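*Asks:* As you go down the protein sequences, you meet chains A and B in turn. Going by the working numbering, the first sequence opens with residue 1, and the numbers climb by one from there. Going by the working numbering, the second sequence opens with residue 1, and the numbers climb by one from there.
Hints in this document: simulated from the structure, not taken from any laboratory. Do not rely on the hints blindly, as some may be mistaken.
No copy is singled out in the list; a pair is fine if it fits within one copy or between any two copies.
Under the rule of at most 30 Å between Cα atoms (straight-line distance), these lysine-lysine pairs were calculated in the DSS-like manner [stated by the list, open to error]:
1) LYS197 x LYS335
2) LYS335 x LYS70
3) LYS197 x LYS21
4) LYS21 x LYS70
5) LYS197 x LYS70
From a predicted model like this one, the values you see are computed outputs, not experimental measurements.
Number of protein chains: 2
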Amino acid sequence: MAEGLSYREAGVDRAAAERAKSRIAALVASTEVDGVLSKVGSFGGLFRTPTGMRSPVLVSSADGVGTKLKVAIRAGRHDTVGQDLVNHCVNDILVEGARPLFFLDYVGMGTLDEGVVESLVEGLALACRENGCALLGGETAEMPDFYAPGDYDLAGFIVGVVEEDGRPGAGRVSEGDRLVGVASSGFHTNGYSLLRKLLFERLGLELGDEFPGSDTSVGEVLLRVHRSYLRSVHPLVQEGRVLSLAHITGGGMPGNLNRSLPEDLQARVDRSSWELPGEFRGVMEAGRIDEREMFETFNMGVGLVLVVPEEDADGVVGALHGAGESAWVLGDIRKRQGDDPQVLLA
Amino acid sequence: MAEGLSYREAGVDRAAAERAKSRIAALVASTEVDGVLSKVGSFGGLFRTPTGMRSPVLVSSADGVGTKLKVAIRAGRHDTVGQDLVNHCVNDILVEGARPLFFLDYVGMGTLDEGVVESLVEGLALACRENGCALLGGETAEMPDFYAPGDYDLAGFIVGVVEEDGRPGAGRVSEGDRLVGVASSGFHTNGYSLLRKLLFERLGLELGDEFPGSDTSVGEVLLRVHRSYLRSVHPLVQEGRVLSLAHITGGGMPGNLNRSLPEDLQARVDRSSWELPGEFRGVMEAGRIDEREMFETFNMGVGLVLVVPEEDADGVVGALHGAGESAWVLGDIRKRQGDDPQVLLA
């Protein structure tokens, strides 16, 4: 054998890792909120449990960004996917009524690219600040032989808190309640394998080309940030005005709205209550995709659905408008008979 | 254009995902502990904050398994890496004095392989049970075009709890304290890029061949499970007998022991206090790797280091023996002068 092996030779550069860490430290510090006890670089992130609550319950969720990452990588723009991830996680725990406390990330890449990591963390930190959530820790793993050059995967973990009593949930829903839809900002983070196949492979479009059904570029539409509904919706949850919620992600309304209802009730979504945003219509037509398939894959312009009492439906819509959301009465809750689907697109 | 596109055609199979989810549900249920409020499949995992504590602090950590995964994939054995990940996370928060509450995982793979996911979760669930920790949630992402067939990445996220007062930490260490080393079970999860390069590329070994310096096979040595020190060490932490701890991971003793000391003190590790396990010596010799490089890459047989008062060092070693660990007085704490390294291998 020729020479001795060093770790760097085997594809891992510890000095570069240290440099990236120190740049990231400042970004992380910018997200500090009440409760954070630890500094960057400790073995574990420390967060004091919230005080002044009757019976606090921690709510936690893990998520990835999915193949939207490929669009970010193709565009060489890495700050938006960090925001996507945080906002996705924030919405997931908002469904349980929780407000976020802290967030941790995992980045896997072949060879550490400090610029990319810094951009990713910029996006994570920005969204953490916007959601009042501490970026408490994370792990960046160099995985030579796993990721193609330039590729990476990004996952996130969030912990929030909610009072045990009075949480929204399926058990609080009854016949006659109303569905309130809150508009998405676009595709959020779901359906990107299909979108990429259609736009880049079938249609041969480039990032700078016009998105079908839209006057905006493919890159811009695809990288639009997943919207966080915390600021507009959490106050309504705290006031007890929201009976149940669904975050419309993979599986669309049929695959998510069901999770916020009891077995014996049906959500009847009135298709005529909103106009399909141009980019969804464009994808459906350009891909000759069945409408049912569209609804099971994409959010179709509805990022979050609230179940509210009939008498407060207009009030909730008004409050959401006041908070800057586009929102409307999307449908209602009915008795479910025999083989009825739990989510009916009517 | 020929035909309409479906999501499955684009590489994502939702039905397979649903089948895997239901098999996993039973494994997840097996890890339930006091505090768990949610069922599998909810948007967020719910965990009641621990009661009966004076000032509970949450301790959280994110981690990956690194390129040890490549060995698991090569061997077609996926249950041990789940254990590695949980145990690694458990040890990381144990350093802050915490016991684990719950764990979440993230798996990214090209096409969902239900068998592999089930094996991974078996390992995660087993280790969660062993550590008294709930497997509270997780995300399995199908990422066509990211991962080569058969490849996957696995990340984990843990939340534990510790009393704010009396936590171990650098501030409690002073001159004259003793270091107690606790044996690792092997390479744990660090240095695998180097190990793979040496064993498979340079030496051309197969998984069934004998590991250099050992009478065990390459596959067996490389997949040995990262040891959890919770059961043996947490009681000592709770009794206040441990001043500070370091989990020896990437960077070895020089890169981790420093994190558990104040700037003005030095950890003097007595190299003659333990015999290098055969597999570490075998790697050093077969790879002609500098001993310093070895110590900065591998744990060298020491998985965890405790800092304890001089007068209790033998007592702690005895208690660890009683709990089934191999442990010994590894060195001591001295004043650090000028340019002294913070961790001295003497």
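*Asks:* Decide, hint by hint, whether the structure agrees.
*Replies:* Here's how the hints hold up against the structure:
1. Neither within a single protomer nor between protomers do LYS197 and LYS335 lie at most 30 Å apart by alpha-carbon distance, with minima of 39 Å and 62 Å respectively.
2. Taking CA atoms no more than 30 Å apart as the test, LYS335 paired with LYS70 passes in neither setting, with 43 Å inside one copy and 51 Å between copies.
3. Within a single copy, LYS197 and LYS21 get their C-alpha atoms only as close as 36 Å, which misses the 30 Å cut-off; across copies the closest is 26 Å, which meets it.
4. In this assembly of identical chains, the alpha carbons of LYS21 and LYS70 lie at most 30 Å apart whether taken from the same copy (24 Å) or from different copies (26 Å).
5. For the homomeric pair LYS197 and LYS70, the shortest alpha-carbon distances inside one copy (11 Å) and between copies (29 Å) are both at most 30 Å.
Going down the numbered hints, you'll see the structure goes against 1, 2, while the others check out.
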